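Undergrad: If you want the building blocks of each chain, they are given just below.
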Amino acid sequence: MSLGLMLNKLSEGMATSVLIFVLTLVFSLPLGLFVALMRMNRHKVLQNLMRIYISIMRGTPLMLQLLVVYFGPYYIFGIKLSPDYRFWAVIIAFVINYAAYFAEIYRGGIASVPSGQYEAAKVLGYSSSQTFLKIIFPQMVKRIIPPITNEVITLIKDTSLAFAVAVTEMFTVAKALASAEKTMTAYIFAGVFYYVFNLIVAFVMENIEKRLNYYRL
Amino acid sequence: MEIFSINDVRKSFSTQTDVLCGMSLSVQKGEVVAIIGPSGSGKSTLLRCATLLETMDSGELVYEGIKAAWNGPDGNVVYAPEETLKKIKSKFGLVFQNFNLFPHYSVLKNVTDAPICVQKRQKEEVYEEALTLLKKMGLSDKADAYPFQLSGGQQQRVSIARALAMNPDILFFDEPTSALDPELTGEILHVIRDLAEEKMTMVIVTHEIEFARIVANRVVFMDAGVIIEEGNSDKIIRNPENERTKAFLRKLNL
Numbered sequence: 001m002s003l004g005l006m007l008n009k010l011s012e013g014m015a016t017s018v019l020i021f022v023l024t025l026v027f028s029l030p031l032g033l034f035v036a037l038m039r040m041n042r043h044k045v046l047q048n049l050m051r052i053y054i055s056i057m058r059g060t061p062l063m064l065q066l067l068v069v070y071f072g073p074y075y076i077f078g079i080k081l082s083p084d085y086r087f088w089a090v091i092i093a094f095v096i097n098y099a100a101y102f103a104e105i106y107r108g109g110i111a112s113v114p115s116g117q118y119e120a121a122k123v124l125g126y127s128s129s130q131t132f133l134k135i136i137f138p139q140m141v142k143r144i145i146p147p148i149t150n151e152v153i154t155l156i157k158d159t160s161l162a163f164a165v166a167v168t169e170m171f172t173v174a175k176a177l178a179s180a181e182k183t184m185t186a187y188i189f190a191g192v193f194y195y196v197f198n199l200i201v202a203f204v205m206e207n208i209e210k211r212l213n214y215y216r217l
Numbered sequence: 001m002e003i004f005s006i007n008d009v010r011k012s013f014s015t016q017t018d019v020l021c022g023m024s025l026s027v028q029k030g031e032v033v034a035i036i037g038p039s040g041s042g043k044s045t046l047l048r049c050a051t052l053l054e055t056m057d058s059g060e061l062v063y064e065g066i067k068a069a070w071n072g073p074d075g076n077v078v079y080a081p082e083e084t085l086k087k088i089k090s091k092f093g094l095v096f097q098n099f100n101l102f103p104h105y106s107v108l109k110n111v112t113d114a115p116i117c118v119q120k121r122q123k124e125e126v127y128e129e130a131l132t133l134l135k136k137m138g139l140s141d142k143a144d145a146y147p148f149q150l151s152g153g154q155q156q157r158v159s160i161a162r163a164l165a166m167n168p169d170i171l172f173f174d175e176p177t178s179a180l181d182p183e184l185t186g187e188i189l190h191v192i193r194d195l196a197e198e199k200m201t202m203v204i205v206t207h208e209i210e211f212a213r214i215v216a217n218r219v220v221f222m223d224a225g226v227i228i229e230e231g232n233s234d235k236i237i238r239n240p241e242n243e244r245t246k247a248f249l250r251k252l253n254l
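First to last, the sequence lines map onto chains L and C. Going by our numbering, the letters in the first sequence line up with residues 1 to 217, in that order. Going by our numbering, the letters in the second sequence line up with residues 1 to 254, in that order.
One should not assume that every hint holds.
To be verified - Calculated Cβ distances over 12 Å to all of chain C for the following chain L residues:
hint	residue
1	15
2	30
3	63
4	71
5	117
6	118
7	187
8	191
9	209
What the hints assert, rightly or not - Over 10 Å on every C-beta distance to chain C, these chain L residues come out as not near it, computed from the model:
hint	residue
10	10
11	83
12	123
13	130
14	135
15	147
16	152
17	217
Unchecked claim - According to the in silico footprint, chain L covers these stretches of chain C (three or more CB under 8 Å from chain L):
hint	stretch
18	93 to 101
19	115 to 125
20	139 to 148
21	174 to 185
These are calculated hints, taken from the structure and not from any lab test. Given the structure is predicted, the values throughout are model-derived calculations rather than measurements. No residue lacks a Cβ here, since even glycine has one placed at the ideal position from N, Cα and C.
Turn these sequences into a full structure, and let the hints guide you.
TA: Structure, rendered in structure tokens:
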């Protein structure tokens, strides 16, 4: 197989990997905030539900969660889903897993905003939603950029787990090519892809961090 | 005209019993009241109850004749509905010991955001007023600065401007100079003295006894959650009658 053809095949997988990455972030970042707010809610029931959810998501392998989401509907409920479900199973599993991690990061970020900020806002008459959106949230964002960057970088590498349910992302393609062509080249390309992808993400996150440097906490 | 009164307020925390043991305070328009007393005497808790940051266990809280809280039939405190409290909140301002400026807002935005977003006032008018206030505080050139770029004294002046921008009828100060280096306390005391000359109604919790004597009309000495002695500032500080007041002032003079 020519190098060009190989790259062509790999780029298709690459597109899927990027799509998994983007969709996971688009859904899990807001969902995580929602989970964090429920986790910090006064209602003990909600609080504990979220605690259990986070504990399970963090306490079991993502690969296992992915298999449960993919096979669960059939084995548990006997529902036959179309082959397209493969891809969505990956997105669902990744989103609920990453939302749990993000929720804990958000929670730490929110808790680290000094109580004086809430008090100042309260005395000035801000409503509780104004206080959260205008005062607390922006300060939380600044605090959580470094741990979020960590998670995002892990996510890039985790996209390769989609291999487990045979979604043709980058790693799946690379493995197929490597065994068909009996060559390491595909793996090397895959490695370079993940590495460059990470460099780009790290660069973007660093820039966001720099942009928030106009103030200090 | 009575601007503020708090009557027979009681407050205890689970960690510390009886921080306030049924004390009362009333402040007239244009009056400057200084509250002094040893740490743990309940001064800050009193201000926190007055500014609705803390709920009283029992007692009555009144701003300009409008009741914010009163004792229900069972003896426990009842607070006015949210709408009334919102109205009452616009009547007072609070300056914190640690400034509590919003670090992500510029100086100008710190001062203007609440009048615009909470009081829904015209932007142009608020900005104009804010710039005048900043000028008065000697901070004209700092409007676009962020809090971390300012000294403690400057930050505290911004926080006073932020409180004044809401046009409060009474301003509370919770140890406004305690977090500052000694050489910076002067600038804050100067600002407060100017406000006193403009007849701003103020209640100041402070450890600056000499400042209290000069600026306040009335000094209240608190200990263990009650008022021990109050009266004309010169008299209380120079010729206290109560033994505890005497002991406290003696300790400070050492």
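Undergrad: State the violated hints by number, sorted upward, taking the hints as numbered earlier in the document.
TA: Numbers 5, 6, 12, 13, 14, 17 and 21, in rising order.
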